[in-house]
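These protein sequence lines are chains B and H, in that order. First residue of the first sequence? That's 7 in the working numbering, and the numbers climb one at a time after it. First residue of the second sequence? That's 60 in the working numbering, and the numbers climb one at a time after it.
Please keep in mind that the hints were generated in silico from the structure rather than gathered at the bench. Please note that a few of the clues may not be correct.
List of simulated lysine-lysine pairs, BS3-like, C-alpha gap at most 27 Å [to be verified]:
no., chain 1, residue 1, chain 2, residue 2
1, H, K353, H, K193
2, H, K353, H, K128
3, B, K150, H, K193
4, B, K150, H, K353
5, B, K150, H, K128
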Amino acid sequence: MTPLTLTADATGPSRARRTAWVPTLVLILGALYCLIPIAWVIIAATKDRSELFSTFSFAPGTGFFDNLSDLTNYRDGIYWQWMANSAFYAGFGALLSAAVSAAGGYALGRYSFRGREAIFKMILAGVLVPGIVLAVPQYLLLSKMGLADSYWSMLLPSILSPYGVYLVRIYAAASVPTELMEAARMDGASEWRIFSRIAVPMMMPGLITVFLFQFVGIWNNFLLPYVMLADDTKFPITLGLYTLLAQGASQPALYTLVITGCLLAILPLIALFLVIQRFWSLDLLSGSIKS
Amino acid sequence: MTSAPLKGSDRIEVGPLADGTGTDPSVRPSSTRRRGRSAPYWFLVPTLTLFAAFTVVPIGYAVWLSLHKVQVKGIGLGKGARSEVWNGFGNYADVLNNSEFGHSVLRAFGYGLIVIPTMLGLALVFALMLDTPKARSAPFARLMIFLPYAVPGIIAALMWGFLYLPAVSPFYYLLDKFGLPEPDLFNGGNLYLSFANIAVWGGTGFNMIVIYTALRAIPQEIYEAARIDGASNVRIALSVKIPIVMPSLVLTFFFSVIATLQVFTEPMALKPLTNNLQSTWSPLMAIYDSAFLKSDIYGASATAVVLALATFVLSFTLLRISDRYTREDRA
């Protein structure tokens, strides 16, 4: 349907120096489509209740600070508790995940040993298991151990990332030279020391990628907390906002809270993206590494 | 359960995404065998422990549950009045006869038929446009199109949900001003489009980046050779670029199909805004519904196992097909 649009760029060298208008236009339209909901939520968060339903959506309102204080006062600041919970689940979970993936991926990428391919494929197969196939029995098993509806029930199932192990395996194979490992062995370094002092620093960009992926993954997760948690003081922001909307469906008065809450919930991740994209290589993102 | 994906992961490694995975020629068994023979196993202990505890055991438990049912003695009060008894494939028979689950699977397929071609088509177009040398504002557009990936699915769905609500939506405001007909986005077939739009919005950027990365890996000499042969940019896109990024397209297609079968967040988020949405709309919602709302963990487990098996069979088939395709392509 599309590459035809490249024609703008397809004529001789005389036009080659000029802007290719069709691709530029297509890209700008795509960027606009992606920005519409975000622009809307930014503007809608500035409106008070009556303005939300009466004025044009893209006309700014006057109630942002009232919305902010309403949200903060809502049930003694439970919204900020949700944000703190999300930060904890995502930050701590992603840190543990990167550590586990580092060790596992390094072992799979830098050693040859009996069962290596079988273990690797088994872990990758974990990607295919539908979330709820795991979440229901995980919930039942954790509740037998008295851990359901606890911080553990959110944290523990999020640590292992098959994709993280896969990424580190590729990264370790591409970035930690065998010669260096051999030299360290000659000098009498233990395998653990080689891993912690040589391999981990060399794999750092890969590990940061795993951390970021898991951070975003856990922050955005909805199914796991929805199944695991009942006590709303332990909710992450996704589940918290969802319950707020579910109540708000019968009370449109809560709409402004949900909208302001949505805006504040996406700001940290957008900020994180804008900061890291400067040094976050696209190759890492999609798991391919140029040697 | 491992046999299907065993082959599957092999196939995934085909293509530009897996640079460096292949055979690891630099790993020399002789050196590791001498010392630290047990080291890799120690490094794998945390991974394998977590994998056993949070994947293998739960799957085993789900299979066990799916083959059992609860038997109530007497009036079902007191300790020991309810016991789990063997039910064989009874729960599976119920799942396969349960039209509600069947309908949820069909709905997921219908949704996937809209989402996957649109999302991957757009991702491919944007990736090709980004790869056009003279396109202005490409870095800006790349970042903006990728930005929705940072927005949690549930929040994306909530935001779009408001944009679908006539009372607050800018689109309805404009439609009203110009006296145009106002569609009900929460009804019937429109519901599919509403969900699909949210998924396309959230997923296009990520797939675009995967395809774009593959495009960037193509050596420039290939283009020069094609230009010397007199190929236009369109011709290069169709005959050189698209075939080369095909493995990436297959990969993104594969993950999109799996994600489609597991659609949960978008319908859950829009449910509070409309009365037109059953609590069993998608397969995952049907499983959640029977496990936690109807408290039938045995039936829910059987349904979950059926869904997992269907995912494996589908993945296996897709990878087989794509493998044949890529092999022919290489020949």
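Hints versus structure:
{"no.": "1", "hint": "H:K353 - H:K193", "result": "59 Å, violated"}
{"no.": "2", "hint": "H:K353 - H:K128", "result": "14 Å, holds"}
{"no.": "3", "hint": "B:K150 - H:K193", "result": "61 Å, violated"}
{"no.": "4", "hint": "B:K150 - H:K353", "result": "20 Å, holds"}
{"no.": "5", "hint": "B:K150 - H:K128", "result": "18 Å, holds"}
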